[in-house]
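Visitor: Turn these sequences into a full structure, and let the hints steer you where they fit.
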Amino acid sequence: MKTSAKHIADRIRLMISTKQFQVGEVLPSTRELGQQLEASFHTVRKAYHILEEEGLIKGEQGRGFTVTKQTSMLDKAERLEIGGGKVQALIEELVGYGLDDSEIELLFQEQLDFMEWPERIQSCATVGDNKEMASMLSSAIKKQVGVKSNVLDITEIEKAASYDALFVPIKFMNKFRSLSETMMIIPIVHMFDPETLYKITELAAIQTIGLVTSDDESISKIINELKLMIPFEGSFVAGSIYGRSLPLFVRETDLILYTQESAKLVEQKVPEKSRIQLNYKLSDRSAEMIRSELWDQ
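Quick note on this note's numbering: the sequence shown kicks off at 1 and runs consecutively.
Note that these hints are calculated values from the structure, not bench results.
One or more hints might be untrue.
As the list claims (entries may be wrong) - Restricting the straight-line Cα-Cα distance to at most 30 Å, the calculated cross-link-like pairs of lysine-lysine (DSS-like) are:
#: 1; residue 1: 159; residue 2: 221
#: 2; residue 1: 142; residue 2: 58
#: 3; residue 1: 69; residue 2: 143
Said to hold, decoys possible - Simulated restraints on C-beta separations:
#: 4; residue 1: 277; residue 2: 81; range: 48 to 58 Å
#: 5; residue 1: 18; residue 2: 158; range: 17 to 27 Å
#: 6; residue 1: 54; residue 2: 157; range: 32 to 42 Å
All C-beta atoms in this analysis are idealised placements derived from N, C-alpha and C, irrespective of residue type, glycine included.
Guide: Below is the structure:
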């Protein structure tokens, strides 16, 4: 994992220039991005200050760092000076490996032809059993690795082909393997956040668990996953939200588990002590694969 301030600044600069981070968007906090990249928050702060000096972002007390420009404020002469230094250092390194002028020229031309690559980092999607479960997984990816993605369900294979990178639960890999020649496909292993499962199992007096989702199709899939992970001998009741209404069982259930898509309504109407939001967490290996593909280039 490359975690120098310069490298992080380089990657964020690229993500800003290719509009993964938009003007006006608040960047992750230094601590949050440090955790995502397995770097110290001091290093991330240095990276942000590099970008702030270039005029790309601005730090505001109490708000963090916000993107202010999509491209650097450096003038042409400054850009050429920086670029020239980088190219010279690279050419010297390549000559050291024994490459001649024609080979170096060929490599540069190949890379220029491939320069559509940076646009791929703004064209990612996460696949799930349905949109609700894909959204849960997409949120886990953003929280752990700092990469945003749209959401798709497993039937949207044709739509998936329009993206440049897919994050696909490993159980669905065979459905999307045919797309691997034209796009980046990263297999994902995930589970419910262990801290959530610990909270549930610590509530020994619970006899009934209620599950609230926004999509009826999520219910059986989530309950089956939970039954495999927690030693609960009571009963599950479940239902989806309808407009501004929660399922009737909510009033009589010991504990309500709910999804991100149903959170707004549940959190308005169910006391905090009686509810727990379900969140996914990526395996360490999956998180590292995404970092290596989208941050370490």
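Visitor: Take the hints in turn and mark each one as holding or not.
Guide: Going down the list of hints, with the structure as the test:
Between residue 159 and residue 221 the alpha-carbon distance is near 23 Å, which keeps this suggested pair within the 30 Å criterion. Of the supplied pair hints, the one linking residue 142 and residue 58 holds, its CA atoms being roughly 22 Å apart against a limit of 30 Å. Restraint check: the Cα-Cα separation between residue 69 and residue 143 comes to about 24 Å, which is no more than 30 Å; the hinted pair holds. Checked against the given bound of 48 to 58 Å, the beta carbons of residue 277 and residue 81, roughly 51 Å apart, stay inside it.
Distance hint check for residue 18 and residue 158: the Cβ-Cβ separation is about 25 Å, which falls inside the suggested range of 17 to 27 Å. Under the hint 32 to 42 Å, the C-beta atoms of residue 54 and residue 157, about 41 Å apart, fit the expected range.
Violated hints for the displayed structure: none, as all numbered hints are satisfied.
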